[in-house]
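> Residue strings, one per chain:
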Amino acid sequence: MTSRRDLLKAMAVGAVTLTLWPRSAWSAGAGGTSSAQPLLLVVMLRGGLDGLHALPPVGDNAWGALRGSVPFAPGDNALKPLPLDRNFALHPAMPYAAQLYQQKSFMPLVAVAPPYQGRSHFEAQDCVENGSQSPSGAQDGWMNRCVANMRGEEGLAIANAMPLIMRGNAKVSTWSPPLPTTIDPNLLQRLDTLYAEDTQLAEAYSRAVAESHDDAVMDADAMTMAAAAPANAAGNGQKAVQGRAYGNGALPDLMGAAGKFMSRADGPQIAFVEDTGWDTHAGEVATLQRKLGQLDAGLKNYHEAMGTAWDRTVVVVVTEFGRTAQVNGTGGTDHGTGGVAFLAGGAVAGGRVAGQWPGISRQDLNEGRDVHATTDMRAVFKGVLAGHLLVPSSVLDTRVFPGSGGVRAMDGLLRTSRVVAAA
Amino acid sequence: MSSNRTADATSAANRFGLGAMPGTLDNLHDPRGMLAQQIREPSSNKAAFAGLTSSADYLVAEIDYQLDRRARKQDLEAANAASAGGAADADAVKAAVDGFRKVFGAQLIAEATARWQVALNVPIGFDERIVRFWSNHFAVSVDKRPALLYAAPMEREVIRPLAFGRFQDLLVGVETHPAMLRYLDNETSIGPDSRFGERAAQRLGGDGAQPKRKLGLNENLAREILELHTLGVNGGYTQADVTELARAITGWSVHAPRDDRAGGGLFAGTAPNATTGFIYRENAHEPGSRTILGKRYADGGMDQGRSVLNDLAMHPATAKHLSFKLARHFVADQPPQKLVDRMAVAYLENNGDLRTLYLTMLQSDEAWAPEARKFRTPDDFLVAALRALGAAQLPDVRKVAGLLARLGQPTFTPRSPAGFADTADAWIGPDALWKRIQTAEELASRAERSLVPAQVARDALGTRLDASTAQAIARAESPQQALSLLLASPDFQWRI
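Order-wise, the sequence lines are chains Z and A. Counting in this note's numbering, the first sequence runs from 1 upward without gaps. Counting in this note's numbering, the second sequence runs from 1 upward without gaps.
FYI, nobody ran anything at the bench for these hints, they're computed from the structure. Note that beta-carbon positions come from the ideal geometry of N, C-alpha and C, so glycine has one too. Since no wrong hints were added, every one of them can be taken at face value.
If you want a taste of the chain Z side facing chain A, the calculated C-beta under 10 Å gives, among others:
| id | residue |
| --- | --- |
| 1 | R46 |
| 2 | R119 |
| 3 | S120 |
| 4 | S136 |
| 5 | L164 |
| 6 | D198 |
| 7 | S206 |
| 8 | D279 |
Only part of the chain Z face toward chain A is listed, based on derived beta-carbon distances under 8 Å:
| id | residue |
| --- | --- |
| 9 | W175 |
| 10 | S176 |
| 11 | T193 |
| 12 | Y195 |
| 13 | E197 |
| 14 | Q200 |
| 15 | D334 |
Here are some chain A residues the structure puts well away from chain Z; computed CB gaps all over 10 Å:
| id | residue |
| --- | --- |
| 16 | F104 |
| 17 | V142 |
| 18 | Q202 |
| 19 | A271 |
| 20 | Y297 |
| 21 | D353 |
| 22 | A454 |
Construct the complete structure from the given sequences, taking the supplied hints into account.
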């Protein structure tokens, strides 16, 4: 855990920094700042989303030959992507995102990749999550280190098990749709003393007990939702309630749950949602039609759950790598390099496609097979953390993304960017 | 029994085994000898799995199902074209698709039931945990629909019989099983210069038009063989090695519908393996020699890939990788380096013999040190809890499967080919712990009313039952609460 002294050292860059630091000691004490708190949700699509299919570069002369004949729904050549600008269009399964784009709160970023580019899922995911130069460069996650540097804050991972990106010493918790049973408070009382003696489990236990009250609130929300829902919700008691509130636990439900947590006054400022199943070596057209539709529904659910808090929110959607430019022998694509990322939220300066497009004609391809990465993913994260959460650049360079001094935070991502000056 | 031996007995049953059952610890007079015995003569559990369908037969049944589904779809479309209203179409087609569960659901349940039956009844279960270790090492996720029917059979057909032999054989067995070939897409990987690849290229692109779907190489399986199954990610291979290995194993495939058409044409291969349905398709195999990790492999059809796997199995990086994972699984999240090194040496000196590898671990003092301990994964927890309660049968395997999914470890559904995490930090979280306590209470409420909680606790945790846990159990307000306390206690979450 970062000590107070470390924190002060990290912030020893002048009073300007300190006053801009969200929830600094006195502003938190004064109360009422939570309504102005910037919020961050990171969504990770595990498996490697094919950026060329999600965000077809229709303006690139090489696109037609490479991908022009690939439909966007199985056997349906009439379905066209949704045009964004002269060069890029969006997969037709993402109409909500396209609408956000028109409202200038959605921004695709092209040719993004973590610094590791060895095409292994797990190495690449580790690198995205640990925020270092390499897959083994850190044992904890950058979101956790970010939380560690924000006093009084804590992170939330919507997951059954703690993902690497949130692992570390700072206060973080996981949440997933609850089991339908309630625990006898008397049993908990008796367990209290037992867990207090187990140094490795004590912390998780006491937080579990504390958060069970949050669950109760969530359940109450779920009841209200179920009660408000028309017809066919009847019968089945609690099970139906849960089913309605959390669906089948797929991405749209999880993003909706994230929105409910984050929109609460005492909710987490930083949260993480993950999804699997984006690895499309075969049958890509059908898979991505379904998965991108889920992402689109997730954005919608999240937006709706956030209400006005959406205005001070940035959602970052990333994947560990892009895929091969050529379609492979099994109706899919193999592991590549540069991929697509998306920013969404009221705080995003959207309505444009960001990043530098490296081109996909034969001579432009990376190793003759995939899209070059022109943006280090850490530059995107740093841009958001610096301009939105106001994390000082010295903290970003050395702590959250250690050794990333040479990677400049990307600017122009946010509506009102207030970059914190370094010493 | 000396206190050392009773401590050993608890470790044998709980850290190496699936969890002590009533009576296990009292009768375990030679714990280390008992584990060695389970390696020398692992229980085959043949009876438990007898009567389940072979992968070869599943493939045939699945082909029939798909052909039938296609025919039904065509009929529907024809009927639809004839009538004006198209509204029923989507539902009818969906019904045809959902029929998969109707056709195979009972078999999936039978597979899961048999596996649970073994887990709840085998004594100690060190051999069973070895099997499960390899199932997670060679992880297959049934998230991938084409692999759905084959994950459980892979464990029965390949891992159980080969997990106590030489790693080479286990490796080849797994990489030629339909579960792996389908999960990692090798089934349809075609050598671009193979006869089949060339013919397909001519047919599709011969007139100068863009081929609609290019047939070719898929390197997914090759990459994971190097990264996860053998050398490990820092094992010193390159992208070129991945591609060369992918070429070497082109043609490793499984029984497909067109094998049943007259002759199968160019696509045809060997007769399907009677158990697994594996087919080697010479005409899809990339011709020529391959160079992998600096060694040249002459073209020898199926044997080319097999030779590469044999060499990979005996590579020092593989020895280290396997030894580390095994020691981490049974001893500690950060296993002592000396132990890992000793295991790796024994493995290499004994030609990849897995029994020697296991025995070397068991005969090392580090494996029995007081600081050796592991956190139970959700699957471990559930199995151990049911064993502690003396449950020989599951009331409803579907409920248990659903519970495991909620606890974060759905059977045969890891989030990646790397398998489920094997260290505590991945499983200790407030929400995860909360669900465990919920589960403990639920299991206790369904336990036999005749159980005596203090006895159950002694039987389950032996010398590792903490005084304060024992006291809490003794002071509980009801037997059910006492059992809840036991299963939800920190003591029960650790394998010590």
